[in-house]
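Peer 1: Listed below, chain by chain, are the residues.
2 protein chains.
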Amino acid sequence: MQSLIVDLGERSYPIYIGQNILCEALIKPFIKGNQVMVVTNDTIAPLYLDHLLAHLSGLSVDVTVLPDGESYKDLTHLNLIFDNLLKNKHNRTTTLIALGGGVVGDMTGFAAASYQRGVDFIQIPTTVLSQVDSSVGGKTGVNHPLGKNMIGAFYQPQLVVADISVFATLPDRELSAGIAEVIKYGLIYDYSFFCWLEENIERLVARDADILMQAIHRSCEIKAEVVAQDEKEAGIRAWLNLGHTFGHAIETHQGYGNWLHGEAVAAGTMMALSLSVQMGWISIEDMDRVRRLFEKANLPVTPPKNMSSNDFIDLMSVDKKVLNGQLRLVLLKTLGEAVVTADYSKEKLMDVLSA
Amino acid sequence: MQSLIVDLGERSYPIYIGQNILCEALIKPFIKGNQVMVVTNDTIAPLYLDHLLAHLSGLSVDVTVLPDGESYKDLTHLNLIFDNLLKNKHNRTTTLIALGGGVVGDMTGFAAASYQRGVDFIQIPTTVLSQVDSSVGGKTGVNHPLGKNMIGAFYQPQLVVADISVFATLPDRELSAGIAEVIKYGLIYDYSFFCWLEENIERLVARDADILMQAIHRSCEIKAEVVAQDEKEAGIRAWLNLGHTFGHAIETHQGYGNWLHGEAVAAGTMMALSLSVQMGWISIEDMDRVRRLFEKANLPVTPPKNMSSNDFIDLMSVDKKVLNGQLRLVLLKTLGEAVVTADYSKEKLMDVLSA
Numbered sequence: 000m001q002s003l004i005v006d007l008g009e010r011s012y013p014i015y016i017g018q019n020i021l022c023e024a025l026i027k028p029f030i031k032g033n034q035v036m037v038v039t040n041d042t043i044a045p046l047y048l049d050h051l052l053a054h055l056s057g058l059s060v061d062v063t064v065l066p067d068g069e070s071y072k073d074l075t076h077l078n079l080i081f082d083n084l085l086k087n088k089h090n091r092t093t094t095l096i097a098l099g100g101g102v103v104g105d106m107t108g109f110a111a112a113s114y115q116r117g118v119d120f121i122q123i124p125t126t127v128l129s130q131v132d133s134s135v136g137g138k139t140g141v142n143h144p145l146g147k148n149m150i151g152a153f154y155q156p157q158l159v160v161a162d163i164s165v166f167a168t169l170p171d172r173e174l175s176a177g178i179a180e181v182i183k184y185g186l187i188y189d190y191s192f193f194c195w196l197e198e199n200i201e202r203l204v205a206r207d208a209d210i211l212m213q214a215i216h217r218s219c220e221i222k223a224e225v226v227a228q229d230e231k232e233a234g235i236r237a238w239l240n241l242g243h244t245f246g247h248a249i250e251t252h253q254g255y256g257n258w259l260h261g262e263a264v265a266a267g268t269m270m271a272l273s274l275s276v277q278m279g280w281i282s283i284e285d286m287d288r289v290r291r292l293f294e295k296a297n298l299p300v301t302p303p304k305n306m307s308s309n310d311f312i313d314l315m316s317v318d319k320k321v322l323n324g325q326l327r328l329v330l331l332k333t334l335g336e337a338v339v340t341a342d343y344s345k346e347k348l349m350d351v352l353s354a
Numbered sequence: 000m001q002s003l004i005v006d007l008g009e010r011s012y013p014i015y016i017g018q019n020i021l022c023e024a025l026i027k028p029f030i031k032g033n034q035v036m037v038v039t040n041d042t043i044a045p046l047y048l049d050h051l052l053a054h055l056s057g058l059s060v061d062v063t064v065l066p067d068g069e070s071y072k073d074l075t076h077l078n079l080i081f082d083n084l085l086k087n088k089h090n091r092t093t094t095l096i097a098l099g100g101g102v103v104g105d106m107t108g109f110a111a112a113s114y115q116r117g118v119d120f121i122q123i124p125t126t127v128l129s130q131v132d133s134s135v136g137g138k139t140g141v142n143h144p145l146g147k148n149m150i151g152a153f154y155q156p157q158l159v160v161a162d163i164s165v166f167a168t169l170p171d172r173e174l175s176a177g178i179a180e181v182i183k184y185g186l187i188y189d190y191s192f193f194c195w196l197e198e199n200i201e202r203l204v205a206r207d208a209d210i211l212m213q214a215i216h217r218s219c220e221i222k223a224e225v226v227a228q229d230e231k232e233a234g235i236r237a238w239l240n241l242g243h244t245f246g247h248a249i250e251t252h253q254g255y256g257n258w259l260h261g262e263a264v265a266a267g268t269m270m271a272l273s274l275s276v277q278m279g280w281i282s283i284e285d286m287d288r289v290r291r292l293f294e295k296a297n298l299p300v301t302p303p304k305n306m307s308s309n310d311f312i313d314l315m316s317v318d319k320k321v322l323n324g325q326l327r328l329v330l331l332k333t334l335g336e337a338v339v340t341a342d343y344s345k346e347k348l349m350d351v352l353s354a
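Chains as they are written, first to last, in numbering that gives the first Met the number 0: chain A, 0 to 354; chain B, 0 to 354.
Since the hints were made in silico from the structure, they are not lab data. There may be inaccurate statements among the hints.
What the hints assert, rightly or not - Quick list of simulated restraints, FRET-style, between CB atoms:
id, chain 1, residue 1, chain 2, residue 2, range
1, A, N305, B, D82, 52 to 62 Å
2, B, E197, A, S56, 31 to 41 Å
3, A, N87, B, S307, 16 to 26 Å
4, B, H50, A, T75, 30 to 40 Å
5, B, D82, A, S344, 44 to 54 Å
6, B, N297, A, E23, 27 to 37 Å
7, A, R206, B, A341, 44 to 54 Å
Built from N, CA and C at the ideal position, the CB exists for glycine as well.
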């Protein structure tokens with residue numbers, strides 16, 4: 000078992016990474032009362048809920064099972080968690096446990112942030128994407144029909160348990176979507192990790208346990224370093240959004256859940272890289288290396304054909320990185336280093352969107 | 000004009016108190032971007048919205064008008080604020096301004112806490128209750144059918160403007176409801192303020208401007224002192240809930256809005272005092288002084304006749320002060336000093352509930 004600490008002062012918490020590590024001794028020290036609400040979805044519940052419940056003996060445990068999918072990540076379904084907490088009279092010492100992917104984690108985190116103005120929560124992410132991304136750093140929330148993740152809170156868990164044994168049942172498409180974010184960490188922060196991924200992408204896609212654990216550990220490490228420097232996204236944390244401004248526009252346009260988040264991020268990253276090439280910051284050869292890596296991970300590298308440049312402009316204008324009317328984008332200065340800037344050529348952006 | 004600072008480190012903010020003080024010079028320094036969303040209700044909008052808008056010239060201002068009343072303080076109506084923010088493409092530098100009473104303030108504050116995971120907000124409270132209570136201390140949120148204020152956040156405004164000139168249109172019943180909380184500050188924290196209120200209650204009810212400003216200033220001071228010691232309600236802040244556990248049960252049982260919050264607090268405070276008498280902590284004479292003061296302020300001093308002791312027990316069991324299954328109550332040790340305790344006689348509580 001590997002571990003690391005997300006260093007956020009009094010809001011610091013550990014991430015444990017390993018295979019078959021979920022057990023009572025790991026979780027119980029982080030539960031302060033005797034009430035627990037497990038939040039999961041109808042895909043994960045039949046697979047892993049009993050396994051988790053077996054490690055929560057002696058506690059008063061309730062379960063909320065949400066429908067699976069990004070399209071249910073909204074205030075209406077968030078309220079199902081509140082309904083269940085109140086119906087079962089959970090008090091301020093309760094602990095919420097998120098058992099599922101990013102949607103379950105984000106919704107449970109926001110429910111924990113908001114229930115009685117804040118209770119504890121624990122993340123047990125069950126996808127690659129949620130292990131390397133959404134469970135680290137405390138971004139929680141739900142979608143709004145007019146924009147993704149527009150309603151939420153910065154709220155840190157007490158503990159994250161990233162157990163790769165749950166990937167046994169993860170669909171290939173979800174695995175690939177998670178690898179998109181892993182590749183992103185190399186691109187924005189660590190060129191040598193990017194090179195390591197180029198060497199090991201086949202083993203990663205084949206779910207080699209050691210390679211998976213190394214990739215998850217390094218990804219969490221990078222995210223933890225970035226978040227520790229900038230918890231509320233005033234600066235460097237925005238690097239983590241490489242490909243996301245384009246990607247969110249794709250997800251919103253296609254309807255939540257039709258493109259997986261990681262798929263949209265891969266296509267969006269290629270658009271950001273294309274603009275980075277046009278700005279003269281990275282070479283076409285660099286961009287081709289990234290494209291090949293995404294392709295080997297079975298990820299899309301172009302946006303959906305039914306999206307016009309106007310669709311992008313319209314949807315990107317509500318991005319959270321808009322500052323005083325200026326859309327800032329995360330671009331690459333070089334492989335391994337990102338930059339957040341509004342100082343790009345608008346004509347070149349239009350070229351990319353029209354391509 | 001009087002002022003005070005709510006001292007919460009980097010989240011500190013000023014409260015300005017006076018008559019006809021709302022002006023551009025006071026507000027504009029606290030607005031960092033050029034977007035503003037004013038949130039108000041359909042009672043206040045016709046009275047004061049134009050006046051406020053006149054002081055926001057040069058800014059890009061949108062307005063959300065909510066229906067007036069506690070019964071609309073829910074996730075559905077909160078979402079109207081998000082709808083309007085997104086439709087008008089408000090970004091992270093936007094400032095929300097709450098123009099209204101406690102419901103508008105609590106909802107706007109929670110919208111600000113949650114929109115894009117947190118934007119700035121300013122409180123312009125238009126009732127006595129919201130000037131002395133809900134606009135100080137950062138408790139924001141909405142109700143759930145199963146419990147009041149069960150969904151929310153601790154989130155501080157940038158500025159509070161408490162202008163008593165808005166009371167010109169405040170109904171008498173609302174004035175009285177606000178005075179209930181003013182009396183509470185004397186009871187829990189400052190016996191001499193309680194005595195001052197006994198002397199000045201007639202002038203306060205008659206809306207004497209000087210007396211109103213003094214009462215509001217001292218109330219805000221007490222709340223600010225308490226909140227500065229205990230922002231997240233781990234200890235002394237719970238004193239502020241004298242009468243609220245009983246009061247919330249009354250409000251929930253009667254349906255939100257039928258009893259005003261301050262009315263329920265007055266009746267609930269008398270119940271808490273009755274238990275305090277039974278515990279031998281305050282005298283019957285003390286309790287009678289408080290009853291007379293509430294009565295002079297035209298406030299109810301007994302719970303609704305259609306509530307049974309079982310109604311109370313059931314509704315109080317979801318109170319946020321329940322700790323490991325124990326209901327803690329705020330009681331009075333003496334006039335001017337409260338205590339939060341689960342160490343009261345359950346039989347005596349039942350006596351109070353059955354009375």
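Peer 1: Each hint: holds or not?
Peer 2: Hint check:
{"no.": "1", "hint": "A:N305 to B:D82: 52 to 62 Å", "result": "violated (26 Å)"}
{"no.": "2", "hint": "B:E197 to A:S56: 31 to 41 Å", "result": "violated (57 Å)"}
{"no.": "3", "hint": "A:N87 to B:S307: 16 to 26 Å", "result": "holds (23 Å)"}
{"no.": "4", "hint": "B:H50 to A:T75: 30 to 40 Å", "result": "holds (37 Å)"}
{"no.": "5", "hint": "B:D82 to A:S344: 44 to 54 Å", "result": "violated (34 Å)"}
{"no.": "6", "hint": "B:N297 to A:E23: 27 to 37 Å", "result": "violated (58 Å)"}
{"no.": "7", "hint": "A:R206 to B:A341: 44 to 54 Å", "result": "holds (52 Å)"}
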